[in-house]
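Asker: These are the residues of each chain, in order.
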Amino acid sequence: MKLTLRVWRQKNAGADGAMSTYEVDDISPDMSFLEMLDVLNEHLILAGEDPVAFDHDCREGICGACSLVINGDAHGPERTTACQLHMRSFQDGDTIDIEPWRAAAFPVVKDLVVDRSAFDRIIQAGGYITAPTGAAPEAHATPVPKPDADFAFEHAECIGCGACVAACPNGAAMLFTSAKVNHLGVLPQGAPERETRVLDMVAQMDEEGFGGCTLAGECATACPKGIPLVSITAMNKEWLRATRKVAKR
Amino acid sequence: MARTVWDSTVGKKTVMAVSGLIMLLYLVAHMIGNLKIFFGPTEFNHYAHWLRTVGEPFMHYEWTLWLIRVVLVVAVVAHAVCAYQLSRRDIRARPSKYVHQRPRASYATRTMRWGGIILGLFIVWHLLDLTTGTVHSGGFQAGHPYQNVVDTFSTWYGDVIYIVAMLALGLHIRHGFWSAAQTLGVGSRARDRALKTAANVLALLLTAGFIAVPVGVMTGVVS
Amino acid sequence: MTSYAAYPTGDPVSDTKAPTGPVAERWDKRRFEAKLVNPANRRKQTVIVVGTGLAGGSAGATLAEQGYRVVQFCYQDSPRRAHSIAAQGGINAAKNYRNDGDSVHRLFYDTVKGGDFRSRESNVHRLAQISVEIIDQCVAQGVPFAREYGGLLDTRSFGGVQVSRTFYARGQTGQQLLLGAYQALSRQVAAGNIELHPRTEMLDLVVVDGRARGIVARDLITGKIDTYVADAVVLASGGYGNVFYLSTNAMNSNATAVWRAHRRGAYFANPCFTQIHPTCIPRTGEHQSKLTLMSESLRNDGRIWVPKAKGDTRAPNEIPEDERDYYLERVYPSFGNLVPRDIASRAAKNVCDEGRGVGPGGQGVYLDFADAIERMGRKAVEAKYGNLFDMYQRITDEDPYRVPMRIYPAVHYTMGGLWVDYDLQTTVPGLFAIGEANFSDHGANRLGASALMQGLADGYFVLPATINDYLARHPHQDPVTDDHPAVQEILAETEDRLNLLLAVDGDRTPDSFHRELGELMWELCGMARTDAGLREALERIPRIRDEFWRRIKVPGTGEEFNQSLEKANRVVDYLELAELMCLDALHRAESCGGHFREESQTPDGEAARRDEEFGYAAAWEFTGTGEAPVLHKEDLVFEYVHPTQRSYA
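Protein chains in written order, with my numbering: chain A, 1 to 249; chain B, 1001 to 1223; chain C, 2001 to 2649.
Calculated from the structure, these hints are not laboratory results.
No farther apart than 25 Å at their CA atoms in a straight line, the calculated lysine-lysine pairs in the DSS-like style are these:
no. : chain 1 : residue 1 : chain 2 : residue 2
1   : C       : Lys-2633  : C       : Lys-2113
2   : A       : Lys-11    : C       : Lys-2553
3   : C       : Lys-2384  : A       : Lys-146
4   : C       : Lys-2113  : C       : Lys-2017
5   : C       : Lys-2224  : A       : Lys-11
6   : C       : Lys-2224  : C       : Lys-2567
7   : C       : Lys-2633  : C       : Lys-2017
8   : A       : Lys-146   : A       : Lys-237
9   : A       : Lys-248   : A       : Lys-237
10  : C       : Lys-2567  : A       : Lys-11
11  : A       : Lys-237   : B       : Lys-1196
12  : C       : Lys-2567  : C       : Lys-2553
13  : C       : Lys-2029  : C       : Lys-2017
14  : A       : Lys-11    : B       : Lys-1097
15  : C       : Lys-2035  : C       : Lys-2017
16  : C       : Lys-2379  : A       : Lys-146
17  : C       : Lys-2224  : C       : Lys-2553
Using the sequences and the accompanying hints, generate a full structural model.
Answerer: Here it is as structure tokens:
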């Protein structure tokens, strides 16, 4: 396959960026999208040019490092991560636009690499259960109904890639935040911190400069792990519950 | 608690959802009242007068009406202020656009902001036209709403403004009602289809019910 | 050629911290004997932790909870992305919830035997004891393990053991356990007890007066190289499987932290013990950048075969039953497709070497579900393996319900690593190594679902107990600051190394060297190794290294985000580590676990261990790049599990 790539190039956080056009040849349909970028970079290095910087690590769809907007879609046309997207999803002769996640809370570091530390700070604000090592009771002391365990798991699958923010017209982090709130909120182990968790995490989310939710649903469509939009509804409910409960204390 | 709500994006959305639902309830009553126009001037004017006497003798003349007006003004202002602040925030949160753009979300979702602005402007015109009569075409007669309505819809621009606004209202309700349910946490996977259907039916009924009046005037059914 | 292969043998290395007495009491004994640090004094002591995977994440969180000041590093943009996240299968624990005869002793026994008698009994027993607490800890953190309808934890059996002791969270157990540790870590970051440095890569170890006192690390965004000093350093930087270029490791997983520590005096033990996983998706061409694992559980129902005839290019469905060779079932009638990982891998290699491999380049064998679909019905197969089939289809664009899967072995885990004593301390005082970075618990072969167990055991329970002893014994170390001459000297060396890389300005990319080295290692130090092949490797590696320093091209500068520079610097270390792996493989003229020497096999082609000569762990001491290292042997004593030859026929 022969392709034309239009790639966002930006020297560093402070610099202005622009799209640059490159041609790549001999692309196999079996290549992953990132392997296609590897080919481009090998050429660029040998030509004495700066290779395109992009985040990637596990290349099996679980670490959440890769973060490319491909032809306007976070992670590209398939419901998966960019590392698990294969070139057979494209046609010979295609022009492909590759851009970084765009959101005020995810500033560009270089080219296609963005800073997602805001997500870490949302987790730090309350996305945990306080269980110091050694303090745990016997695992079978508290049974968890299977539907609750499954609900928790479904939300715990979030890989923190940020595609939800990238796809959201408002740059909102509601889906990410709700996934963790719901994962921990439904478990008996997470009950004691239920109220503070959701209030603190939402407050931190706002603090980081993410937008608000207009329920456009783009986040759930882009999510490679299929976290559903109702996750946000459940968090809203949890937040209202917590607000009422804390007011009564 | 008020502080928590007002300072949070989730809280502001809650304010929008609650105020939106208050306005929606009012609109349903308003639409039903409007349809009385098809039963002639006596019934319609009588209904308009009754609105001022609701609650008597407990309430004084027009007290109930003013109470409703106050609640509605508070709802409109709260809804608009939250919408404005959230929109500003949303635009700031996504300062640079994607070079490669493609249509996203549904039409109703994408038009919430503009639709809201159109509706806000419409309310101003609507009050000046049929409540105060300031910009009314022809001689505004207080106490004769039937004639005033017929006058307004006898002008082409009156019809256009009204119908466009009602279409915007339909779209606004279509996304707004479902969205409010999500914000208030009553949505769920099982309930989603029911909520979407309810939103569509409400939007359709309100739009059709409101538009029936100018159409009635235009076709001569109401004159 | 200097005589790299003519290594000298030094004094034996001994585990001075290992307690004696009954094996089941040793961990308690050690914990009691270990000195403690007064809680008020902990705040004054700083511990550096490198890596945020299962071992590093759990260690950082726990040390911070105990009151130490923790400074933690990861090269990823977030601690949550460490490669532990990719582990699929599960985590073993001797809970015996199934009442199927499991016990701490049985897990201990299985692990020692599975490691082919090349691990320490004391360490393995401790691991089995702690396994029980790990599950409690993780459940308390909210890890969503699979549960049964009664609300209790579900378990499954795994990798040849006869009990059901593997706890799991669908196919994402590693992810869920890592997020648990990450969340515990995040809590401590928020509490101000951990100073976190993401996107910061350790480039060297600071050793002052014979003790580990800090690290040199580069901020990957600004390119700034800094020194960080501490009272102790913990390496939790993972394994070195990426020496092979193609492996199931993450692209940026690397050996720099452990290799630089080795260069500063930490012995490297058993580097040739690498695990090759039999069920990976085969490579499709030159462009392949990494390999993807498919859960071993597929072998429960899939049948492995190749055509009987060489060079048979017919589509699999066109090959009649009597022209197929179900070689595992033929050679190992009692275990069939369920033989251990190393045996399945080697058998696949053998049939491919015979020219009977399938798929592009003949590097693959079929894993066929046709019989299973006929027997269980498509629905049942879907329910059991649906997500794996989807993943396979996504990557290969072939429908495994209709066409047999193609699989091939791939490098997956490294049992070798920095030599550590019972306290997980390396031969450099104050330097600890935990998780895959050390060599301690798996011997020559790791059992399935044991990597997660070891990482968390080390991080949550072992290290936080044993590091106290070191810190208590060295409460008032001479203050070392960043401007200490020894620190500055190491910093300057690091800066020089990177500047040198940038200055060569040659005509080959870092990846091209990495790929060349990886192919060599796979061919000569992969699944089957020979004396001649390893000697050849030992000749070729220094030549590649020379060429690397003449022809490497790294664009850009060191004062910016520069992924080529990161990669090139990692390749520098692979080029040295590879040489040690080959030497270790050459010197160990026996077959055991993941290390198969063709010269040492039984008449029917099985690995033949030679306990008399090689019943030791080989700990290598660095003497200089390309210089022969010194071998220090640690004799392994088996008091409870007596070495036997494995048989699966």
